[in-house]
Amino acid sequence: MWEDRTPRTVALGNGVWLDEIRNEGVAPIKDVPGGSVTFSTLGARLFTAAEPTRIGMIFNAGGDFPEAILELFRSWSITLSVHHRSDEPSSRGLVFYEKANGNRKGFQRLTPPMPVEIKDLQGTEMLHSASFTFFGTAAYIEEQTVDMKRLRWRSERYADDAINPFVVWEPHAKSCRPDTLDAHLRACRSVGVFSPNHEELASFFCEPSAASFDRSIVERQARTFIDSGIGSSDDGCMLVRAANHGCLILSRQHEVVWLPSYYDSDSHMVVDPTGAGNAFLGAFVIGLQETGSCVEAAKYGQVAASFVIEQIGLPALTGDGDGELWNSCSVRERLAEYRTRVRG
Numbered sequence: 001m002w003e004d005r006t007p008r009t010v011a012l013g014n015g016v017w018l019d020e021i022r023n024e025g026v027a028p029i030k031d032v033p034g035g036s037v038t039f040s041t042l043g044a045r046l047f048t049a050a051e052p053t054r055i056g057m058i059f060n061a062g063g064d065f066p067e068a069i070l071e072l073f074r075s076w077s078i079t080l081s082v083h084h085r086s087d088e089p090s091s092r093g094l095v096f097y098e099k100a101n102g103n104r105k106g107f108q109r110l111t112p113p114m115p116v117e118i119k120d121l122q123g124t125e126m127l128h129s130a131s132f133t134f135f136g137t138a139a140y141i142e143e144q145t146v147d148m149k150r151l152r153w154r155s156e157r158y159a160d161d162a163i164n165p166f167v168v169w170e171p172h173a174k175s176c177r178p179d180t181l182d183a184h185l186r187a188c189r190s191v192g193v194f195s196p197n198h199e200e201l202a203s204f205f206c207e208p209s210a211a212s213f214d215r216s217i218v219e220r221q222a223r224t225f226i227d228s229g230i231g232s233s234d235d236g237c238m239l240v241r242a243a244n245h246g247c248l249i250l251s252r253q254h255e256v257v258w259l260p261s262y263y264d265s266d267s268h269m270v271v272d273p274t275g276a277g278n279a280f281l282g283a284f285v286i287g288l289q290e291t292g293s294c295v296e297a298a299k300y301g302q303v304a305a306s307f308v309i310e311q312i313g314l315p316a317l318t319g320d321g322d323g324e325l326w327n328s329c330s331v332r333e334r335l336a337e338y339r340t341r342v343r344g
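Every letter in the sequence shown is one number past the one before it in the UniProt record's numbering, and letter 84, counting from 1, is 84.
To be clear, the hints were calculated from the coordinates, so they are not data collected in a lab. Treat the hints loosely; a few may be bogus.
[To be verified] Below, computed lysine-lysine pairings styled on DSS-like, alpha-carbon distance capped at 27 Å:
#, residue 1, residue 2
1, LYS119, LYS149
2, LYS119, LYS174
3, LYS30, LYS119
[Claimed, not checked] Distance windows between CB atoms, simulated:
#, residue 1, residue 2, range
4, SER86, GLY229, 20 to 30 Å
5, GLY292, ARG341, 20 to 30 Å
6, GLU333, HIS268, 16 to 26 Å
7, THR111, LEU80, 16 to 26 Å
8, PRO28, LEU80, 40 to 50 Å
9, ALA210, ARG74, 30 to 40 Å
10, SER86, SER233, 23 to 33 Å
11, GLU199, ARG22, 20 to 30 Å
12, GLY319, CYS206, 16 to 26 Å
13, ALA210, ALA336, 32 to 42 Å
14, ALA211, SER330, 47 to 57 Å
15, GLY229, GLY292, 14 to 24 Å
Ideal Cβ positions, reconstructed from N, Cα and C, are used throughout, including at glycine.
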């Protein structure tokens with residue numbers, strides 16, 4: 001479907017958050033755009049310089065939403081739909097950092113989230129996106145995928161085998177528990193990729209915490225989902241993001257593959273990992289569309305994450321088209337360099 005002018009991908013979840021960054025001994029930084037939708041959209045946008053309008057972004061904005069952030073999103077030249085709710089506050093949160101080492105240590109919601117659901121896309125081209133990235137619970141995923149199929153079928157734009165777009169699911173961290181494992185296994189039948197991070201994955205299992213990171217444990221836990229089945233035809237992929245430990249790609253079509261993170265954990269380029277996993281998934285979708293390979297797509301994800309962790313907040317865009325740079329670097333050149341290094 002994505003050969004036409006419909007969006008290549010849209011991210012749905014709890015929308016755009018405005019974070020206040022608090023680091024002991026330093027003046028707080030306010031109105032930093034964040035949230036899963038923001039960073040997933042960014043990840044996809046990094047790799048679509050030639051046709052940025054093919055990336056869709058939709059969110060609800062309260063009456064206090066800064067115009068400067070709207071202008072920032074517009075500068076990406078994406079297809080942007082903002083639902084203004086002037087009588088409500090925007091979604092805001094506090095992010096706390098440790099004074100000693102600058103590591104993020106906590107997040108506190110100050111206002112309720114302002115989620116966007118599939119039904120909110122009715123009457124827009126975003127409903128017909130080639131792919132969606134969802135962030136939420138198992139119940140949310142099952143509800144959204146059912147609604148998505150129903151609404152797309154009503155549009156009469158699809159043959160029966162094209163109603164279902166490609167779906168990537170990042171679970172809600174607090175919903176990853178042993179008592180919800182079965183619900184998550186069921187919901188995985190409705191998606192193409194299930195992508196918890198390694199800590200969220202471990203939270204499904206009643207096992208003692210390992211003294212150090214252990215790939216074999218991650219692989220064994222991931223196989224639980226592959227054995228149960230991801231995708232309606234068991235052709236889906238398990239993608240476990242493990243921060244500086246890299247990422248695991250596993251499916252019934254190929255054996256375990258581990259890819260390293262772009263930066264080592266002790267690199268001076270690593271400033272803040274917030275949003276890196278979300279950006280990974282947005283870029284992964286574009287990589288999968290371009291290469292057809294989950295492993296190659298994960299390389300796009302690792303590169304996108306590298307741009308996010310270089311600063312607090314979002315990377316800076318300059319130039320356009322073939323001359324586009326993020327943080328003064330070419331995204332495609334960084335991808336080529338990473339591919340060479342991994343093949344190395």
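Evaluated hints:
1. LYS119 with LYS149: Answer holds: LYS119 to LYS149 is near 11 Å, not above 27 Å.
2. LYS119 with LYS174: Holds: LYS119 and LYS174 sit about 25 Å apart, inside 27 Å.
3. LYS30 with LYS119: violated (32 Å)
4. SER86 with GLY229: 20 to 30 Å: At 46 Å between Cβs, range violated.
5. GLY292 with ARG341: 20 to 30 Å: At 22 Å between Cβs, range holds.
6. GLU333 with HIS268: 16 to 26 Å: With Cβ atoms ~20 Å apart, the hint holds.
7. THR111 with LEU80: 16 to 26 Å: With a Cβ separation near 22 Å, THR111 and LEU80 satisfy 16 to 26 Å, so the hint holds.
8. PRO28 with LEU80: 40 to 50 Å: This hint is violated: roughly 28 Å between Cβ atoms.
9. ALA210 with ARG74: 30 to 40 Å: violated (45 Å)
10. SER86 with SER233: 23 to 33 Å: With a Cβ separation near 46 Å, SER86 and SER233 fall outside 23 to 33 Å, so the hint is violated.
11. GLU199 with ARG22: 20 to 30 Å: holds (23 Å)
12. GLY319 with CYS206: 16 to 26 Å: violated (51 Å)
13. ALA210 with ALA336: 32 to 42 Å: holds (35 Å)
14. ALA211 with SER330: 47 to 57 Å: Violated: the Cβ-Cβ distance is about 41 Å, outside 47 to 57 Å.
15. GLY229 with GLY292: 14 to 24 Å: Holds: the Cβ-Cβ distance is about 21 Å, inside 14 to 24 Å.
Of the hints listed earlier, those the structure fails to meet are numbers 3, 4, 8, 9, 10, 12 and 14, in rising order.
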